[in-house]
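Number of protein chains: 2
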Amino acid sequence: MLLLTTDVNEDVTRTLGLVSDRVASAASVRHDEITPLLQGIVRAGGKRLRPLLLLLAARGYNFESTADNLISAGAALELLHVASLVHDDTVDRATSRRGVPTLNTELDTGAVILIGDYLFAQSAKLAAETGSPRVISIFATILSDICDGQLSEMLASNRLDQSRDEYLDRVGGKTASLFAGAAEMGAFIGGAPESDVQELRQFGQDVGIAFQIIDDVLDITSSSTDLGKPTGNDLREGTITLPVIYYLQRSPNGSDRISAVAGVTDGTASAEEVEQVIDDIRSSSAIEESMVDARSYVESACKHAEVVTNPEAREQLDAFAALAIDRAS
Amino acid sequence: MLLLTTDVNEDVTRTLGLVSDRVASAASVRHDEITPLLQGIVRAGGKRLRPLLLLLAARGYNFESTADNLISAGAALELLHVASLVHDDTVDRATSRRGVPTLNTELDTGAVILIGDYLFAQSAKLAAETGSPRVISIFATILSDICDGQLSEMLASNRLDQSRDEYLDRVGGKTASLFAGAAEMGAFIGGAPESDVQELRQFGQDVGIAFQIIDDVLDITSSSTDLGKPTGNDLREGTITLPVIYYLQRSPNGSDRISAVAGVTDGTASAEEVEQVIDDIRSSSAIEESMVDARSYVESACKHAEVVTNPEAREQLDAFAALAIDRAS
Numbered sequence: 001m002l003l004l005t006t007d008v009n010e011d012v013t014r015t016l017g018l019v020s021d022r023v024a025s026a027a028s029v030r031h032d033e034i035t036p037l038l039q040g041i042v043r044a045g046g047k048r049l050r051p052l053l054l055l056l057a058a059r060g061y062n063f064e065s066t067a068d069n070l071i072s073a074g075a076a077l078e079l080l081h082v083a084s085l086v087h088d089d090t091v092d093r094a095t096s097r098r099g100v101p102t103l104n105t106e107l108d109t110g111a112v113i114l115i116g117d118y119l120f121a122q123s124a125k126l127a128a129e130t131g132s133p134r135v136i137s138i139f140a141t142i143l144s145d146i147c148d149g150q151l152s153e154m155l156a157s158n159r160l161d162q163s164r165d166e167y168l169d170r171v172g173g174k175t176a177s178l179f180a181g182a183a184e185m186g187a188f189i190g191g192a193p194e195s196d197v198q199e200l201r202q203f204g205q206d207v208g209i210a211f212q213i214i215d216d217v218l219d220i221t222s223s224s225t226d227l228g229k230p231t232g233n234d235l236r237e238g239t240i241t242l243p244v245i246y247y248l249q250r251s252p253n254g255s256d257r258i259s260a261v262a263g264v265t266d267g268t269a270s271a272e273e274v275e276q277v278i279d280d281i282r283s284s285s286a287i288e289e290s291m292v293d294a295r296s297y298v299e300s301a302c303k304h305a306e307v308v309t310n311p312e313a314r315e316q317l318d319a320f321a322a323l324a325i326d327r328a329s
Numbered sequence: 001m002l003l004l005t006t007d008v009n010e011d012v013t014r015t016l017g018l019v020s021d022r023v024a025s026a027a028s029v030r031h032d033e034i035t036p037l038l039q040g041i042v043r044a045g046g047k048r049l050r051p052l053l054l055l056l057a058a059r060g061y062n063f064e065s066t067a068d069n070l071i072s073a074g075a076a077l078e079l080l081h082v083a084s085l086v087h088d089d090t091v092d093r094a095t096s097r098r099g100v101p102t103l104n105t106e107l108d109t110g111a112v113i114l115i116g117d118y119l120f121a122q123s124a125k126l127a128a129e130t131g132s133p134r135v136i137s138i139f140a141t142i143l144s145d146i147c148d149g150q151l152s153e154m155l156a157s158n159r160l161d162q163s164r165d166e167y168l169d170r171v172g173g174k175t176a177s178l179f180a181g182a183a184e185m186g187a188f189i190g191g192a193p194e195s196d197v198q199e200l201r202q203f204g205q206d207v208g209i210a211f212q213i214i215d216d217v218l219d220i221t222s223s224s225t226d227l228g229k230p231t232g233n234d235l236r237e238g239t240i241t242l243p244v245i246y247y248l249q250r251s252p253n254g255s256d257r258i259s260a261v262a263g264v265t266d267g268t269a270s271a272e273e274v275e276q277v278i279d280d281i282r283s284s285s286a287i288e289e290s291m292v293d294a295r296s297y298v299e300s301a302c303k304h305a306e307v308v309t310n311p312e313a314r315e316q317l318d319a320f321a322a323l324a325i326d327r328a329s
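The listed protein sequences derive, respectively, from chains X and E.
Positions 1 to 329 (the working numbering) are the ones given, in order, by the first sequence.
Positions 1 to 329 (the working numbering) are the ones given, in order, by the second sequence.
Next up, chain X with everything else stripped away, as it sits in the complex (with noise of 0.2 Å):
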């Protein structure tokens, strides 16, 4: 990974390497039918952006010393993401995450849900091996968050009048919730002072809406062999998305763009229409204002990351920063 380079990480990248340990002897059950099915799932996770997070959060304060907490916090903040996807993925009758085939092309929708909540139960596990109850606060507000952010995203879908205030708030929940509260449980585990510990929460919550940003801007603007998906998937599926908000917004009332992009939503379109109204969206302006947002949400996290004052910590949090971005690049 493009962050880990230099000598000083070398801590990090071993504390995550054990972190990625733990989640997978945490993500296995006595019923030999479901261990194989776990252990890809939480491999196919791959990045640990979040315990990274967490871990880097931590960076500046006492990281050797409260190593196996850190630990701990991460896997289960990895575990928690895992569950939710298996959910979402199950919400969405998703057949495939990353060009891999989800849980749900194997196994019936009931056994789906039995695995996530077991995912749940064993991140909740974790957190509680913390003993740390404001870290297990942060751990339950985290999935308190993820859930409502879903429930709005659900109520919201195929309403073409939103706002870009009520895509912030959902991103906010089901996204930058996990963002916040890895990099707020880091800097609290590292004894970091609580009004550090705040600061270096809003960084995370930037940096995950301008992970959703950008994520959103691809489901529009890459190929489906990158995404592993079909282009303009979150659109099909009635998913509103940032670059659609702009998008439409820049449609007077009325507009044949506006009835085109329901009938995407709506599964009306042809799949020539479909692609159409992709495309369209593609080379409007509400991909660079989408940008635009995104950038300004990263400028704004590494403000909050000033106060970290250890100089390799608060570039390898910069550098964690930018990745969002440099995705799309």
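Heads up, a few of these hints could be off.
Reference excerpt, derived from the structure (chain X facing chain E, CB under 8 Å, subset only) [unchecked claim]:
| # | residue |
| --- | --- |
| 1 | I34 |
| 2 | L37 |
| 3 | T90 |
| 4 | L114 |
| 5 | A124 |
| 6 | K125 |
| 7 | P133 |
| 8 | I136 |
| 9 | Q150 |
| 10 | E306 |
| 11 | V307 |
Simulated restraints, written as ranges between beta carbons of each label pair [to be verified]:
| # | chain 1 | residue 1 | chain 2 | residue 2 | range |
| --- | --- | --- | --- | --- | --- |
| 12 | E | R30 | X | D161 | 18 to 26 Å |
| 13 | E | L155 | X | P133 | 34 to 42 Å |
| 14 | E | E106 | X | E64 | 49 to 57 Å |
Covered by chain X, according to a simulated footprint, are these stretches of chain E (three or more residues, beta-carbon under 8 Å) [stated by the list, open to error]:
| # | stretch |
| --- | --- |
| 15 | 27 to 36 |
| 16 | 61 to 75 |
| 17 | 140 to 154 |
The set of hints was computed from the structure by calculation and includes no laboratory data.
Note that the Cβ used here is the ideal one computed from N, Cα and C, for glycine as well.
Starting from the structure of chain X, add chain E where the hints point.
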């Protein structure tokens, strides 16, 4: 409720009311479409057996001074129970519970999954409110044990060669873990010595198993009107319960009885054949054999409750245990 008649329990009754209030306020979201559904679900829960057990386990120790934490923990347990029912009904594709339509009849699966997750999140937040790592650790263990038991049940469905031990192991997770955890939490929060906490945990475990055995007996012996679902519903869905295990064990290898039961679980039996199998189990020794087991678990529970020296608290625990059996008489 039968249990709460004596003066000494005014405290418990009042506190249980506060638990219900806390549950109701936790089961609300900022989405007007969802809150009435959540309120309906938690009201349907009804008997609040798990918070009641928590309070009774604390009753013999420091009840008054720990009431705040007991209320948070009790509400956490009730919501955990309700959340697991919501997901369980989705797994089983149940259309009614206690005669009330389930969420599955009103919402698509995705929405029901998210609502269950939201209730899990709220229960985790309430557990975190106690600020006690031990309480939170018990909470996470309960969640993990429930999922493990439900996975076992799913993997064992339609399999007729199950043993009593497999059944007890599964039920220990699926049902008894919540009773065991409730009693352990109550005793711990009340400040009981650790040896008493362990005995009360065993009390809860044994009572929980007795409750499930009686539920499984009632599934065979009650009318569909009383059950709010068809008699023999578990068997129709391929879940092999203790009475069925005893019935099969008393049937010679290769007998017609075994193939008739297989016909019910795999859906090939006619409605008349299903009725016949259920009648046959009902009039067999399997029911009384299961009742003997249930009574023996209640007896064992009461032995564990002997550590409680406050006579009124102990009497109430015994009455709680007896309630498991009383439902079947």
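**OP:** Please flag the earlier hints that this structure goes against, numbers listed from lowest up.
**Re:** Hint check: 2, 10, 11, 16 fail, others pass.
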